[in-house]
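**Q** Once you have looked at the hints, place chain B on chain A.
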Amino acid sequence: MTMTEQPDAELPIQQLESVVIRFAGDSGDGMQITGNQFTRTSALVGNDLATLPDFPAEIRAPVGTRAGVSGFQLQFSSKDIHTPGDAPDVLVAMNPAALAVNLKTLKPGGIVVVNTGNFKDADLRKAKLESNPLEDGTLDGYRVIAIDINERVAEALEDSPLTAKEKLRCKNFYTLGVMYWVYSRPLEPTENWLREKFARKPDIAEANIAALRAGYNAGDIHQLFHGHYEVPKTDALPAGTYRNIMGNQAVAMGMAVGAKLAGLTPVLGSYPITPASTVLEELASYKRFGVVTIQAEDEIAAICIAIGASFAGALGMTSTSGPGMALKTEAMGLAVSAELPLVIVDIQRAGPSTGMPTKVEQSDLLQSIFGRNGDTPIPVVAASCPADCFEMAIEACRIAVQYMTPVIFLSDNFIANGSEPWRLPDVADLEPFPATFATNPEGHLTYQRDERGARPWVRPGTPGMEFRLGGLEKDVTGNISYDPANHQKMTDERHAKVAGIADSIPTPKVAGAQEGDLLVVGWGSTGGIITQAVEDARAQGQPVGHLQLRHLWPLPHGLDEIFGRFKRILVPEMNMGQMARVLRSEMPTHDFVSYTKVTGQPFLTSEIQAKIKSLLEN
Amino acid sequence: MSGATLTKKDFQSDQDVRWCPGCGDYAIIAAMQKYLADSGADPAKTVFVSGIGCSSRFPYYMNTYGFHTIHGRAPAVATGVKAANPELDVWVVTGDGDSLSIGGNHLAHILRRNVNVNILMFNNEIYGLTKGQYSPTSPVGTRKKTTPMGSIDRPFNPVSFALGSNATFVARTIDSDAKHLARMLKAAHEHQGTAFIEILQNCVIFNKDYYGGFADKKVRSDKMIDLRPGEPMTFGKDGDKGLKSKGWHVEIVPADEADVWNPGLKSAAPSFLMSQLDDDPSLPTPYGIFRSVRDAVYENELHQQIEKAVADQGAGEIQDLLHGGATWEIEG
Chain A
4 MTMTEQPDAE LPIQQLESVV IRFAGDSGDG MQITGNQFTR TSALVGNDLA TLPDFPAEIR
64 APVGTRAGVS GFQLQFSSKD IHTPGDAPDV LVAMNPAALA VNLKTLKPGG IVVVNTGNFK
124 DADLRKAKLE SNPLEDGTLD GYRVIAIDIN ERVAEALEDS PLTAKEKLRC KNFYTLGVMY
184 WVYSRPLEPT ENWLREKFAR KPDIAEANIA ALRAGYNAGD IHQLFHGHYE VPKTDALPAG
244 TYRNIMGNQA VAMGMAVGAK LAGLTPVLGS YPITPASTVL EELASYKRFG VVTIQAEDEI
304 AAICIAIGAS FAGALGMTST SGPGMALKTE AMGLAVSAEL PLVIVDIQRA GPSTGMPTKV
364 EQSDLLQSIF GRNGDTPIPV VAASCPADCF EMAIEACRIA VQYMTPVIFL SDNFIANGSE
424 PWRLPDVADL EPFPATFATN PEGHLTYQRD ERGARPWVRP GTPGMEFRLG GLEKDVTGNI
484 SYDPANHQKM TDERHAKVAG IADSIPTPKV AGAQEGDLLV VGWGSTGGII TQAVEDARAQ
544 GQPVGHLQLR HLWPLPHGLD EIFGRFKRIL VPEMNMGQMA RVLRSEMPTH DFVSYTKVTG
604 QPFLTSEIQA KIKSLLEN
Chain B
-8 MSGATLTKKD FQSDQDVRWC PGCGDYAIIA AMQKYLADSG ADPAKTVFVS GIGCSSRFPY
52 YMNTYGFHTI HGRAPAVATG VKAANPELDV WVVTGDGDSL SIGGNHLAHI LRRNVNVNIL
112 MFNNEIYGLT KGQYSPTSPV GTRKKTTPMG SIDRPFNPVS FALGSNATFV ARTIDSDAKH
172 LARMLKAAHE HQGTAFIEIL QNCVIFNKDY YGGFADKKVR SDKMIDLRPG EPMTFGKDGD
232 KGLKSKGWHV EIVPADEADV WNPGLKSAAP SFLMSQLDDD PSLPTPYGIF RSVRDAVYEN
292 ELHQQIEKAV ADQGAGEIQD LLHGGATWEI EG
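From first to last, the protein sequence lines stand for chains A and B.
Residue numbers 4 to 621, in this note's numbering, belong to the letters of the first sequence in order.
Residue numbers -8 to 323, in this note's numbering, belong to the letters of the second sequence in order.
Chain A extracted, bound-state conformation:
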């Protein structure tokens, strides 16, 4: 950290490498918007960043209660970062409940910005606090910036035509303005966003802008902070054009682009479910890209619509989360039996049953690989971070089309709502995988397989190619067959086809140590955290490697050899050890150490670091 005296400024600007902020307030306080705006602006000024939204499933839990606390954490940095940070440097707490829930995560000596306007006796009672944490010593050891934001917003909006209640709703933008001042961020991107968002309600746009500016000026005038800070733009990222991207947005783009690369119309059948609904919402806005979306009556209809679309020669897709996966199971079997391409997106959340809909978990892995009646193999891929969703959604489309198979794409709540800068790919580098349709009846058989084991795809409407297909076992002609030898043959072929997908996927690269005592194997959203932990461990001289799996079933070739170069393999995952179980059963000769966490929160980098350290020491 360097301190730079700015000759023209009254207050010094300190340069920081990385900052972690956590915005926390009531569900209705607009904390997700505040966090997303801070994220977007930080991206535009050129920081690397990673985010962790953390909100309740209830849209509006009782006001002021701990259950209703909504949080948004982000780390922004001038270096290449991989996680939203373990512990915030700054906690913005809009009410006592937000403070009570989040204070334990704050760094020792960290900054707490509190809205004192919401620390009245009634507020404390709602938060089940017996005394006022602003006065009872709870905040000793932290730097407390106390602002009556309610009062300040009311003053700033004195001339606004809005009602008092509507004015108060602008308090999150006041807060954002304060934080923009503290971290020297420009106001324009948020002002422009507000004017666009509230184009039809200019009074609301202007009030929020006024609140934003008032917050910014308060930082400047009142010297609330003893100075302000700057996190310079990063030079650690490769050159290119960047945009900020959320995981579910990247999934939607990948699906739309995947269909284009296959030369097919994408047809998404989907039913709203947290945290996957935004995939449907995003794709529904892609009409001019030729994307067809249907909000189905239920999860089963959603996948069946997609299957019908694939039968008709489009690329069927469906998006859901765990409970929806359970409902779609029978239809997945139909797609396996009919051998139709289909992309199934599962944005995992904490289970079982309804579980914790807005909290993260990776517990649908075994369900995805094995969870169907019959011997019903389906390939499974997983994205490792928000931007990776784009590439892996395309990969899911490729496998589906080239192998005439349903493919499950796994993401999770951490990736889905998290965001990061994404270097836009060069469109010319995206390799097409055009679908081909059989049109010649001469010698055509419905289940005659190609070199990949895929059957030919026939588009209804093609003259002379009429065929019947279904979930009953069939022979090579597609006609129903209960012949014992045929069932053995078809089952073997379905398995060989899916196993053979491994021939088309690269062996993942090991980062860090290429051999030695310890390899950390991750999949899904643990990727960034493991990357950070392994980089830190290596910086301390610990010989550790990291391998991130993106193809989960079939597993890529070459893993056995890689694992053989390490004494032990640590498998951290947010479930009860599902990937470790898969790896043990597939490659039983290695020493896999399962490390699990199911709190609904991602691993902390420090947790992985501690595990690495203890394994290396013992």
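Some clues are possibly wrong.
What the hints assert, rightly or not - Selected chain A positions facing chain B (in silico; Cβ < 7 Å):
hint, residue
1, Leu47
2, Cys307
3, Pro466
4, Gly474
The hints are simulated quantities; they were obtained by calculation from the structure and are not laboratory data.
In this text the structure is predicted, and so the values were computed from the model without any measurement.
Quick reminder that beta carbons are idealized off the backbone N, C-alpha and C, glycines included.
**A** Chain B alone, transformed into the frame defined by chain A:
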């Protein structure tokens, strides 16, 4: 392929039909094949989608495109087929268990969406393929293996169900009346939007002649009334009886006093009233066309929105999609 040259035989697949001898399904498939040939249908553009049950084997026996899917879900699959390719001529074949029990939700929703498909619902008031359990259309008191003391759940009336789902075309016919069946197939096929036909179908093994009391040829003219759009509601062996609505009731009147049937009124109330007629044993069981109205067709609207978005904003390319948000440059 010119449809005019095709015969009924051209619509028969090479698969052996495996329904029980005497099953009503034979008459229905024969009528279907004949209708398709007569109407000049193109086998390459015709798709049969079915669920699970005896009736759902139908696609295997048709020399068209066919998809035998999973229990109850044929309407959803058919919706996907039409969404992907509105040009295809799609028929859904289902039964009372498939469409009103496990698949009730999908039936309701395809009807309200008004996807342009034709749904043939074979109603035999029994589960045939699982060997004779009562179904959601079986009358109260039906004694079968799972209801040794008689069923206690009240049945669905399929026509009322369809009307309640805001269906734009609802008809009822009988497997044993080939001419009527053909007329209903034609009317359904010509309808734009979801056409629902309940076909009273005889399961000779598990529920033989359940409809004999009113549909048997010997009594049909007195016990049933054919609802013919634009014609007086008359019935009886000599055509001497008629129906007339008086407020919320329907009464039997001399033929010359009968109301003229109109299934195309804005309100579905008269259709619903007619659908419930057979609750009164003194009144005839209606069949024919209960409802026929025009409304927006789902897949047309679906694609029109896409066409409008393309017309307003231009056809989107990958480059536009990726660069759609705020971007910034990092220089090397």
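**Q** Take the hints in turn and mark each one as holding or not.
**A** Evaluation of the provided hints:
1. Leu47: With Cβ-Cβ at 6 Å, under 7 Å, it holds.
2. Cys307: Since the shortest Cβ distance to chain B is 4 Å, the answer is holds.
3. Pro466: 4 Å, holds
4. Gly474: Where the cut-off is 7 Å and the nearest Cβ of chain B is about 6 Å from A:Gly474, the hint holds.
The structure is consistent with each of the numbered hints, conforming to all of them.
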